[in-house]
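Colleague: Work the whole structure out from these sequences, hints included.
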Amino acid sequence: MSKKYEFIEHTADLGLKAYGASIEELFVNAAEGFFDVIVSPKSVEEREERVIEVEAEALDELMVSWLSELLYIHDTEKLVFKCFEVKRLKGNQVEAIARGELLDPARHEIKTGIKAVTYHQLYVEESEGGWETQVIFDI
Amino acid sequence: MPTDIEVKKLDDFRWLLPKKGKMRTEGLVYADERMMAVIRKDASLEQVANVACLPGIVGRSLAMPDIHWGYGFPIGGVAAFDMEDGIVSPGGVGYDINCGVRLLRSGLDAGEIRDQIPALVEALFKNIPSGVGSRRKDLRLSAHEMDSVLVKGAGWAVSQGYGSKEDLEHIEEQGCIAGGNPEYVSQRARTRGKDQLGTLGSGNHFVEVGYVETVYDEAAAEALSLHEGQVTVLVHTGSRGLGHQVCDDYIKALLKASAKYKIDLPDKQLCCAPLASKESRHYLSAMACAANFAFCNRQLITHWVRETLQDVLQTGPRGLGLQLVYDICHNIAKVETHNVEGKARKLCVHRKGATRAFPPHSPFLPDEYKEVGQPVLIPGDMGRYSYVLVGTETALRETFGSTCHGAGRVMSRRQAQKVARGRAIVRELEDKGIYVRGAGKGTIMEEIPEAYKDVADVVNIVHQAGIGKKVVRLRPMGVIKG
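Quick note, the sequences are listed as chains A and B, same order.
For what it's worth, this note's numbering labels the leading residue of the first sequence as 1, then goes sequentially.
For what it's worth, this note's numbering labels the leading residue of the second sequence as 1001, then goes sequentially.
Derived from the structure by calculation, the hints contain no laboratory data.
Do not rely on the hints blindly, as some may be mistaken.
[Said to hold, decoys possible] Examples of chain B residues toward chain A, derived with CB under 10 Å: (1) 1042; (2) 1068; (3) 1095; (4) 1188; (5) 1259; (6) 1269; (7) 1412; (8) 1415; (9) 1443; (10) 1446.
[As the list claims (entries may be wrong)] Capping the alpha-carbon separation at 30 Å, the derived lysine-lysine pairs in DSSO-like fashion look like this: (11) B:1152 - A:78; (12) B:1441 - A:78; (13) B:1152 - B:1137.
Since the structure is predicted, the reported quantities are computational estimates derived from the model, not experimental observations.
We put the CB at the ideal spot given by N, CA and C, even for glycine.
Modeller: In structure tokens, the structure reads:
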């Protein structure tokens, strides 16, 4: 699949459409797109990693929980991530590794701060070509 | 996506959305012809109709002229729900719980300090943490102290020497929403909030030094101790990561509650719980804590604004006379008693991107504002102006005592960045006499004046519709952005 993700815009908010050949790839691409909103991925190096485990009631809600968990780590530990590896994704649970580094204002220019990942117009769908999701952020 | 929803023009400033489908009540939008054309460009009218579908809604689903598309509830929306058969919805308050504005007046004249604005802005930028990840190194709270912040709000800051008792009298709810129980605030929310108390944050938050440019109503201005040429300071920020996490936690909890209580949701982001349920009691308690965090945040920032001005202008507190005019919330749900068809009813009023605007003689006002009504603070974009209004009887009667909250964006952030690319925005503003300092170049580009509606258009509509009364217009001289 050529396109990993694209931004969708509304006047006050910003969203993301992500694609993947598999559900695992979808979660990886959505996370990459999510951090591309915050900081330019080219400026981020892989120096730290975090293991992430989240679960939810439904697959679409799992997407929100996954990105919210990354946002929580970003907000509390001041980490920015660029590389993700989904180890397991089953029964609305995801286990993954995120790699990145500590936020360094000298090297990382913050593009847009994200306050939250919303459930508004949220979907995670499988189609003929693979998987697709849409998530809207509060910024 | 443009909307084809049916609207009926009631008068020059009021538009009705007739009851259709699952709507339990009508929608009412405050706008003129021109604004209505802008509003129709996004799906916000459908959101007004969606809110009208929620159980126990009392009166109409209301929209202010600065309405724009939000997630679930529109931004610029007001809706009241019956305490017995109505609901509360975290999405109807928003992620930035008690995002709000406060205005300080001074004893200074704009002419006296104009030359010192660059120095003042640089000092404010240094002393008030702005942007992602910055904080004051000298403010470290224990878990116990954080509990006090969540329960007492601005009162905690005052008890620690940040400001005075007079400040508290000039804040909506005296800077503390009752019923906050820190037990209902998750550890995650506390962790996110820990380093963010006393910080401005990013996006549209700001501290602005300006002056009274125009007085529309001499008597009302005098009652608010405002006069032409007087230096003022506006502070706009909210509950930071703590509030965002409280909203996030309770949206998750209330998604489950909506299923449990069999509430039909047109959009997951509208999830809610009956006001009579324990889920809603817990949310309202956590929301009060987050609101109190925000009141405390603005109080701390005010203290540092006062310190900075004293320092840079080499003037004592008395010479500066930086007194709080008022502090208002614009993302909140409040339990209030309103007169509905001749009967006093206890309601849960959601204001998401809307401001309380209580009329003269309201028991909720400080004594010196009893005759004039509640000050309403409406910030505009950083290049134009902001307004001070007062609340009215019409607002109390028609909108549960609510009015607009700001300009509202017309351009998305990326669109604004494109328009701003290659331009020296800071320089352009300097040429207009406005000195701006921001944490990120991106923020200043996203916040260019033309990315917003002209707040004058918004304010003129609420003024002419009678749900707010113009008092003065403020002009910025120096701005710090997150």
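Colleague: Any hints this thing doesn't respect? Which numbers, in order?
Modeller: none
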